[in-house]
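Peer 1: Order-wise, the sequence lines are chains A and B.
Per our numbering, numbering through the first sequence is continuous, rising by one, with the last residue being 868.
Per our numbering, numbering through the second sequence is continuous, rising by one, with the last residue being 318.
Any given hint could be a false lead.
What the hints assert, rightly or not - Some chain B residues well away from chain A (every beta-carbon gap over 12 Å; in silico):
1) 185
2) 194
3) 203
4) 215
5) 221
6) 233
7) 271
8) 289
9) 290
10) 297
11) 298
To be verified - Here are the computed distance ranges between Cβ atoms for each label pair:
12) 225/B to 686/A: 20 to 26 Å
13) 624/A to 274/B: 47 to 53 Å
14) 302/B to 779/A: 33 to 39 Å
15) 634/A to 225/B: 36 to 42 Å
16) 219/B to 630/A: 56 to 62 Å
17) 302/B to 634/A: 50 to 56 Å
These aren't lab readings, by the way, just hints derived from the structure by calculation.
As the structure is a prediction and not an experimental result, all values here were calculated from the model.
Beta carbons are placed, not taken as given, at the ideal position from N, Cα and C, and that holds for glycine.
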Amino acid sequence: MADAGLMAEGYPLRAVAARALAFWLGALLVLGAAFWTLDRRQHAAIQRTLGIQQRTLIEQASGTLAAALQLPLADLPYLADRPAVHRWLAGGETLAGVATDLLTLARHRPDYVKLRLFDAGGRELVRVNQTPDGPHLVPESELQDKAERYFVRDGLEQPSGTIHVSRFDLNVERGEIERPFRPMLRFGLPVRAADGAERGLITINYSGNALLDQLAQLAMPEADIGVWLVDGEGHWLLGERPEEAWAFEFAASGEAARFADRHGPAWALLQGAGPGATGQAEIGGDLFAWRRVLPAAVGDHWRLSGPGTKGWLLISRTPRQAVAAAAAGQHLSLLGGFAALALAVLPGALALAHFQIGRRQNLNRLRASEARFRDMLAAAPDAILILDEGGRIRLSNARGEEWFGYRNEELVGRSAEVLVPERLRERYRALWEEHCSAPRVRLLGADAGLAGRRRDGSEFAVELSLAPLINHEGVQVIAVVRDVTEKHALEQAREEAQTRYRQLFANLPLGVFRSSLSERLADDRRFLEVNPALVALFEAGSAERLLACPPVQLYADDQQRAALVAELFALGAVTGRELRMVTLSGRVFDARLSLVTRRDDDGNRFVDGVIEDISARCAAERDRDRAAEEVRHKAAALETANRELESFSYSVSHDLRAPLRAVDGFSRILEQGYGERLDDSGREYLGRVRCAAQHMAALIDDLLRLARVARSELQPGPVDLSGLATELAATLDEREPGRELRWHIEPGLVARGDARLLRVALDNLFDNAWKFTRGRQPGEVCFGSHVRGQAMVYYVRDNGVGFDMAYADKLFGAFQRLHDPAEFPGTGVGLATVQRVVGKHGGLVWAEAEVGKGAAFYFTLGMQEAA
Amino acid sequence: MSDKTILLVEDNPDDRTLTMHAFASNRIANPVVTARDGVEALDYLFGTGPHAGRDPQVLPALVLLDLKLPRIDGLEVLRRIRAHPRTRLLPVVILTSSNEDRDRIEGYSLGANSYVRKPVDFDEFVRAAGQLGLYWLVLNTPPQVD
């Protein structure tokens, strides 16, 4: 698991390496300490071994030295006790016996270089010299006085029974140190007569060369263990440096190199060593072993004196370097072992670091995961509850608090049942038990009819998903609650919309389709969907049959189709294209197409389109076009006619009147200038000529007016009829001021119409009323209105002569007159004009009258409505 | 008032006679120059054509202008009179049989000083002629034109 985790996030090489290094260094420290201890012990063991060697060496050397010292100390008493010496002491005897004794001894003791007997005054009496050819008795003549020599003097001063031991020093011949050096030990024993008188001194000169060689040979140069000999003052006799040996003989006292000069601490230690004492010590890494050797008298009654009694020190030393060299191999093997072990623990350190870092990462990951989990809970758009095994709420996120109206601490510990409406609780329990018996992820969608219950008791539709959550706290359940109120509404709206669109598609009276659009092969194109109107349009009988038919077969004209497809590919859409199509049963019809290309999610092109059968419309359009053409023709003809009429009217107005004016004018001139030449009849005829001319002028004017009314365009607007009537009445009153005529004009009559034409109409009606009330005392004319049905009816009523309703049908014809022109002159065009005006307004005009009682003219204006 | 010339533009000889008669009946004795069509009228006014040599500075006191004329009609004559600086203020009265609104409106908009329809009734005509003479020849004071 740790490995998988480590791999998953990239291996933390640096952390692991650092950790491993720390572990390894720790291990090295421990190992180092162990090996160091081991090394120290090994070192000590080596030192011990060396020490034993040194001690053994010192034992041997001191044995050799002691043995060498013991010989003269035993030989001197022997010589002194010889009969020859006794006899010489007794006085009578010659010295020959003594000489023989000395010679004999000398022959057995090659190291005794001089054997001598001195008299009490220090003069040689007998002297035997050791020569390469053996002992040689020096002739009496060559004997010398040696009284000045320190060992003679000191020896003679000894008490009886005391052997004098000299220093170990170099032999001096005739006042000079003999070369090569001859180290020498001198022993002297005074001899006395029986009465105690002093008689002489026996001496032995012992050569130390052999002894020193023996000692030197004990040294073990291979182990660098040396054997040194120093005297009681520390002067070198046999040492590490040959040139220093015997140096004290030449230098002034205290100036010669001593042992203490180079080995001070060792010397301090050696000072304390008593006679015969041995010791060992490690000083500054060097190993020292030593023994102080003293000459010991043989037998109990001999005493020793002289400088030699201080004895000599035998010292063995193994220098530090030698110890180290001895331990070097040990070091190397230990170092090798250490290195091997250090390498061996490295993988262990790596492994340990790897696992430790891994564990720490796992822990961090776990913490991060927990933090993410908490964030996720907080940010989730759903209410999320964590329930324990008993169905009690352990945790709710903010959404849960918000939706259900509880605070988290109110929810925790309570059964989740409080969030379920009471009517659903049985179901919830069953669901819960089912989930607990087989925990797995369950999703209960909106169709499960679940609902949540808010604190206030209200409900809302939910989706619920349950998932087991297994952790250290045991098996818990995550319940995710989603408020699907809006989703419900949306789905419902979507379904309704879909239904609506389906119905629209099915019910549209237009043919609607979707077809595939292969760019290469026209024959590959197929209908994908068609609506019932399209099936009917192509007389396919069933949608399946139409779907099976390639659209390419439905075009009547292949060129039209090719142009359409080319445009569709070029522009992506074609709108309102009209072309000929053919049904499955072969009928050709006019169609109107609108197409648009689209791509589906896979990039395939398809076409959505609408097809409409416009055959009927096309036919209608053709009819309409024909009709419009006719209308245009007629309008042009009418225009021409109108122009001609206008021109005609103008000519009439202008040219017809001129002759009439001439007729009237010249008649008048005749009447005035030549009247007295005519009789009464002639003058009356002239009057008739003038009347006829003026009547004809009136007729022309009325006809022109009628024509103008007929051809004039209606220009509608509000017309103040009451004001117009009042104005016309005033004009008529002025025409014949003496007439008693009463006008009754209803005020406030306003109509919508053409003011100019309405003035003409009203003028004619008023003029008639004025004319036909002549002779009435008083005449009365009423202008008013009343409502009949939806229409406003206006009227002009008078109390004039009236007319017979039997002729009412002729009333509005042009040139129709119902009265005698002599009594009521007129042209018979006025009412015809009125009818034109009213007709132009879309209204009606009619009359009611009774002969002798008056007449009433009614009219409506079609565009009016009763107020 | 008698030295003020009247230019009567009228193609109809009956109307010319009647007009003269009407002037006479009203004792209008001013010299009357008649032109039978628009061309003659303009020649007279601008001293051109048959009237070359006539001093065009001498203008009639009043022009009585019929509309329906041969060659150049009355409205065109009026337009040219009004277009010329010397004659633009000349009193012109349209005297015509036409009762068409169209003619009346165009006549006034071209600058006619008055529009009189010739009545068929000669008595009325005489009355109208008298009123015209009285107004334009006696009462009216024409502007001085250089």
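Peer 1: Now, for every hint given, state plainly whether the structure supports it.
Peer 2: Evaluated hints:
1. For residue 185/B, the condition that its CB be more than 12 Å from all CB atoms of chain A is violated, with the nearest at approximately 9 Å.
2. Against chain A, the non-interface label of residue 194/B is violated: not every CB pair exceeds 12 Å, the least being about 8 Å.
3. Look at residue 203/B: its CB is around 22 Å from the nearest CB on chain A, clear of 12 Å, so calling it non-interface holds up.
4. The Cβ of residue 215/B lies farther than 12 Å from every Cβ of chain A, with a closest approach of about 24 Å, so its non-interface assignment holds.
5. No Cβ of chain A comes within 12 Å of the Cβ of residue 221/B; the nearest lies about 26 Å off, and the non-interface call holds.
6. With a least CB separation of 25 Å from chain A, residue 233/B remains clear of the 12 Å interface cut-off, as annotated.
7. A cut-off of 12 Å between C-beta atoms contradicts the statement that residue 271/B is not in contact with chain A; the least separation is 6 Å.
8. A beta-carbon of chain A is positioned within 12 Å of the beta-carbon of residue 289/B; the least distance is around 9 Å.
9. A beta-carbon of chain A is positioned within 12 Å of the beta-carbon of residue 290/B; the least distance is around 6 Å.
10. Against the 12 Å criterion, residue 297/B falls within the reach of chain A, whose nearest CB is about 7 Å from its own CB.
11. Interface exclusion of residue 298/B from chain A breaks down, the closest Cβ pair being 8 Å apart, not more than 12 Å.
12. Remark: the range hint 20 to 26 Å for residue 225/B to residue 686/A is contradicted by a beta-carbon distance near 50 Å.
13. The hinted range of 47 to 53 Å is not satisfied by residue 624/A and residue 274/B, whose Cβ atoms lie roughly 40 Å apart.
14. Range check, residue 302/B to residue 779/A: about 37 Å between beta-carbon atoms, so the 33 to 39 Å window is met.
15. Roughly 58 Å separates the CB atoms of residue 634/A and residue 225/B, a value that falls outside the hinted 36 to 42 Å.
16. Separation of residue 219/B from residue 630/A is about 58 Å and conforms to the stated range, judged on CB atoms against 56 to 62 Å.
17. Between residue 302/B and residue 634/A the Cβ separation comes to about 54 Å, which falls inside the hinted range of 50 to 56 Å.
In the structure shown, a violation is registered for the earlier hints numbered 1, 2, 7, 8, 9, 10, 11, 12, 13 and 15, in ascending order.
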